[in-house]
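Chain by chain, the residues:
4 protein chains.
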Amino acid sequence: MLLAPRVWGSVRLGARGLAGRAPAEGRKVDIAGIYPPVTTPFTATAEVDYGKLEQNLRKLGTVPFRGFVVQGSNGEFPFLTSIERLEVVSRIRQAMPKDKLLLAGSGCESTQATVEMTLSMAQVGADAALVVTPCYYRGRMTSAALIHHYTKVADLSPIPIVLYNVPANTGLDLPVDAVVTLSQHPNIVGIKESGGDVTRMGLIIHKTKKQDFQVLAGSAGFLLASYAIGAVGGICALANVLGAQVCQLERLCLTGQWEDAQVLQHRLIEPNTAVTRRFGIPGLKKTMDWFGYYGGPCRAPLRDLSPDEEEKLRLDFTSNGWL
Amino acid sequence: MLLAPRVWGSVRLGARGLAGRAPAEGRKVDIAGIYPPVTTPFTATAEVDYGKLEQNLRKLGTVPFRGFVVQGSNGEFPFLTSIERLEVVSRIRQAMPKDKLLLAGSGCESTQATVEMTLSMAQVGADAALVVTPCYYRGRMTSAALIHHYTKVADLSPIPIVLYNVPANTGLDLPVDAVVTLSQHPNIVGIKESGGDVTRMGLIIHKTKKQDFQVLAGSAGFLLASYAIGAVGGICALANVLGAQVCQLERLCLTGQWEDAQVLQHRLIEPNTAVTRRFGIPGLKKTMDWFGYYGGPCRAPLRDLSPDEEEKLRLDFTSNGWL
Amino acid sequence: MLLAPRVWGSVRLGARGLAGRAPAEGRKVDIAGIYPPVTTPFTATAEVDYGKLEQNLRKLGTVPFRGFVVQGSNGEFPFLTSIERLEVVSRIRQAMPKDKLLLAGSGCESTQATVEMTLSMAQVGADAALVVTPCYYRGRMTSAALIHHYTKVADLSPIPIVLYNVPANTGLDLPVDAVVTLSQHPNIVGIKESGGDVTRMGLIIHKTKKQDFQVLAGSAGFLLASYAIGAVGGICALANVLGAQVCQLERLCLTGQWEDAQVLQHRLIEPNTAVTRRFGIPGLKKTMDWFGYYGGPCRAPLRDLSPDEEEKLRLDFTSNGWL
Amino acid sequence: MLLAPRVWGSVRLGARGLAGRAPAEGRKVDIAGIYPPVTTPFTATAEVDYGKLEQNLRKLGTVPFRGFVVQGSNGEFPFLTSIERLEVVSRIRQAMPKDKLLLAGSGCESTQATVEMTLSMAQVGADAALVVTPCYYRGRMTSAALIHHYTKVADLSPIPIVLYNVPANTGLDLPVDAVVTLSQHPNIVGIKESGGDVTRMGLIIHKTKKQDFQVLAGSAGFLLASYAIGAVGGICALANVLGAQVCQLERLCLTGQWEDAQVLQHRLIEPNTAVTRRFGIPGLKKTMDWFGYYGGPCRAPLRDLSPDEEEKLRLDFTSNGWL
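Residue numbers (UniProt numbering), protein chains in the order written: chain A, 1 to 323; chain B, 1 to 323; chain C, 1 to 323; chain D, 1 to 323.
Next up, chain A with everything else stripped away, as it sits in the complex (with noise of 0.2 angstroms):
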């Protein structure tokens, strides 16, 4: 799956090199904040279209993010080729703001081939990898293959690794058991979880609390439970488009002020799982649209939205006021 380094030796290397993002001794890396992932944008001809993706970087440049992450599960890595992969990381290094966190999605089935990717990922500039859990063969994925798997890419990597737990895509829960082990490694850095089960987040905080590890909420639909119980950030698809609102309830949240991050929060469930369960990336792309962004068509299987179903996504945002 992966190509050997020469294949992909024009992808133009990020601006940044990799001085100071190795793990320091003593402090890791701080990636608490608000990150959007990036979706891939493609021309009705299915190609990559980078034009538009500068374009939705510049425009998601103004919003106070920490950073982006690329290739998560919005950027619909699963179907881009290797190089794709990667001039798309390369593109978006090159366009966005010298000051924030990229974090690039770096995961494939098998641990020699995440390795890869993650090596080729740093080389183009990302500042960290996030890495989801391999899954076809669930069945097998216990603890013990999972903290092996994981320890081999960081030990390996010279950039740190997030751990990225997605249940509803990959039909499988990292073990408590393999984060708190993992913690422990000092290329290892944090979890981004999207499961929405904040028993679980709290448990992972409370013991790894000395283990200097961060949680960041993989949805906004649970963000301001997440910092409630001592998450640091999130990911979340929704930011895409409502990017100001989901920093501001970090900040509210951040600050203190959970009376009116409440009133935010919940004004953000219905629109960020229309965006997510609900309507996935097509929902996403075409709310994008809507919000001046370049959303377009995604790459097949999946579909645009049914007249009914765009119907329905709109609904959910303007009776929270946000259209």
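Quick caveat, the hints were computed from the structure, so don't treat them as lab data. Please note: incorrect hints may appear among the correct ones.
Put simply, identical chains are the same to the list, so a pair is met inside one copy or across any two.
What the hints assert, rightly or not - In silico DSS-like cross-links for lysine-lysine, where the CA-CA straight-line distance does not exceed 30 angstroms: (1) Lys312 - Lys152; (2) Lys28 - Lys100; (3) Lys207 - Lys98; (4) Lys59 - Lys209; (5) Lys28 - Lys210; (6) Lys210 - Lys312; (7) Lys209 - Lys312; (8) Lys59 - Lys100; (9) Lys152 - Lys52; (10) Lys52 - Lys28; (11) Lys312 - Lys207; (12) Lys52 - Lys312; (13) Lys209 - Lys28; (14) Lys59 - Lys312; (15) Lys210 - Lys52; (16) Lys59 - Lys152.
Once you've looked at the hints, dock chains B, C and D against the given chain A.
Showing chains B, C and D alone in chain A's frame:
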């Protein structure tokens, strides 16, 4: 399943009449606060031990609870006869402080039996009825069916109804749209949410905010997060053993001391999981023995913990500083 | 839930005593054959309609069934009082042909209630008891707990016990190792398997082949495959309306006419799914009305089919040539 | 994920052209029979061991299989690069007997990548392509999306397409209505059904009987039942070690010797479960070592069996008389 009224005619009615508990015009009863779901003590020969029940109540009465839940899932209600269910509630009504609320589980599989049990619970002194979703025919338990069920029960009940959603036991999630519809009923005052999905809880709170409808967390594991998102209390198995601590968590949340709340919440997650999902009622009862209450055996087919399980249970308390 | 014996002392006992039904030394009772799980007819005001029950029995009595299952899931047993459960069995015992077997559902959540109900069912004329897995506390229903439960019931029952595994209703699969252990009990004669997993059924048959233990398919949808793998019959909701056809499928399988059996089996799958998983008991009862039986309403919270559902239900029968 | 054609231009094309394999007018290719899903042997350093592959093929070539499946789930295809996937197929094409069929797994997440991989598989000598359902975005993999995906692939493929439904790996069931629609495509010849739901299989066979569409069982555990219901063969992991026995079961079924078939089927269930659901590919490869094939290690994150697992695996074979 239900007896004719004359059969349990001999059951002692609660000292308090129903006056003042029927839904007043305008404002529904306020159920905010912390409740332990009281266990049912059995003798070695599996008879209800009313003496131990009263003894437990006396000790629980010293904790600043809002009230008591009787015949929730932790009360082993599916193992009790109708007569026992009512007798237990009657006894607790006598034994408990007069200023506390008594929420009695009255859910049965059929609507008719649920109506009758609710009426009976009111007669023996319940202040409100906690009605679990019927679930044996879960494939047909649509929103429409559940709305019809609860509406009928609420129409005919002299005491307020609290919906009870506990998917771990029922294999069923009461749909949010059904909850929203039911929240408009003048005799339905809230919901106990045991699933732990705070996004769902937030949505329910958001969509019922004009309805004078209250949400209680069904477990201590996500109590802080529930308060953060707008819940008003919790019915927590753990409160049977760490009642003061759960009430302290409530106070910290209500007074905005979120940092202290977080520390406390973290220490409660493992003990909570231990007495609920991990070791169930046998785990809870064993822990009660440790904390000066009478736990005792469960009715069959529930079985005592093995020595190995008991050791793990103890570790979940000792490692968090509670034993 | 259970009444003291005197309460149902007035229920008419079945004409047949229990003599000869207790497990003979050496050989267990033979339960091979086809059974309809009889529905419980209700009047418009939700009373049990015993007249219609007897009328249905007369018509069902002309089909070459091995016997009748009463108070299986299709009998709406969770909606009946204990008195009704026994009265229904008693009436069917009177109305049914003397040479047929009566299998009565006697499962309750507690072991004690199940023992008592089984004794009562024997008293009112049941030939064997069909005992569903307790399930409300499914998280603790380990092999050990279920083995203990069924052993106790079988030890104390004057009539043979048939295990009943129906994961669609219980959310629980009786573990194969528990079935194998229980098959050695002299008073446990077989299992009704409703899950449709023929690999599991084959394994049970293989591992109990020295035990004089019989497996019945729990649905007509996989009846042929069950015979092929070694099952000896079926308890099939569809037999309430297409009883002759289900019995014909039995004969084709038993006489090795597999090609004709296959053609017939294929035509039964959609109607079978329609009256089980797809439209449940309301679908079965509606179909009974079409086929000259009395179906009538279900007890709440089960609801009548919508006109649209009814149309789809009809299509599942007409498109296969049954209406 | 896919390479440009020139990259793998050096891969040796299969000796056989595609002539005669394109869908003839009228009659589709007949895929009836038994196939082992060939494993991919690796060296101690996780390189593909082509020598061992050919050695295994020679031994497998003596069994009366209809052909070989390459890059099914047991081939660890998600762990292979595109180049490796094609090279493995090419090598097997050379090594295998000329009169056997080669079914090559060509499924990828995107429609475009699947089309390209299918074309490549045809070029290196595959007779038909086995296309697994895309699954990462399973929440959006509606019937419409899957019909569109497979139609596109079948339209553009020079070789026939076999649908591949394996919910244990994909968390997704290809809807029956989609299968029925797709069965009408002239270049879609059948389906591999690995879920083990024979009711579903029977329904598919029934509803496609006018379509010249064949169903293969995806496991030896329910092979007899599948033949009984109308399937025409099987792709069985167990055939990698007990190939002669699986072929004998086929013959017994095809010649109507159902009693002998049943005895044999029963003895194969536990070994089959052991090398599939219970111990996965590590279990299958370990067993291959015992039976005179080269099993060897899996690629990470799959791990070797523990000594305890290995003992249980062995017992599943010895207790049924195979070792």
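Homo-oligomer pair classification [Lys52, Lys210; C-alpha up to 30 angstroms]: neither (43 angstroms within a copy, 43 angstroms between copies)
State whether the alpha carbon distance between Lys312 and Lys152 is at most 30 angstroms within one copy, between copies, both, or neither. between (45 angstroms within a copy, 29 angstroms between copies)
Homo-oligomer pair classification [Lys312, Lys209; C-alpha up to 30 angstroms]: between (42 angstroms within a copy, 22 angstroms between copies)
Should Lys28 paired with Lys100 be assigned to within, between, both, or neither, using CA atoms and 30 angstroms as the limit? within (17 angstroms within a copy, 50 angstroms between copies)
Same-copy or cross-copy closeness of Lys207 to Lys98 [CA-CA at most 30 angstroms]: Neither: 34 angstroms inside a copy, 41 angstroms across copies.
Between Lys52 and Lys28, at a C-alpha cutoff of 30 angstroms, which is it: within one copy, between copies, both, or neither? Classified as neither: same-chain Cα gap 34 angstroms, cross-chain 45 angstroms, threshold 30 angstroms.
Under a CA distance limit of 30 angstroms, which applies to Lys52 and Lys312: within one copy, between copies, both, or neither? within (26 angstroms within a copy, 47 angstroms between copies)
Pop the pair Lys209 and Lys28 into one bin, within, between, both or neither, using alpha-carbon distances up to 30 angstroms. Within one copy, since 13 angstroms is at most 30 angstroms while 43 angstroms is not.
Check Lys59 against Lys209 for me: Cα-Cα at most 30 angstroms, and say if that holds within a copy, between copies, both or neither. Neither: 36 angstroms inside a chain and 35 angstroms across chains, both beyond 30 angstroms.
For Lys59 and Lys152, with the copy left unspecified, which applies at a CA distance of at most 30 angstroms: within, between, both, or neither? Close neither inside one copy (37 angstroms) nor across copies (36 angstroms); limit 30 angstroms.
With 30 angstroms as the alpha-carbon cut-off, assign the pair Lys312 and Lys207 to within, between, both or neither. between (41 angstroms within a copy, 16 angstroms between copies)
Same-copy or cross-copy closeness of Lys59 to Lys312 [CA-CA at most 30 angstroms]: within (26 angstroms within a copy, 50 angstroms between copies)
Hints 3, 4, 10, 15, 16 from the earlier list are contradicted by this structure; the remaining hints agree with it.
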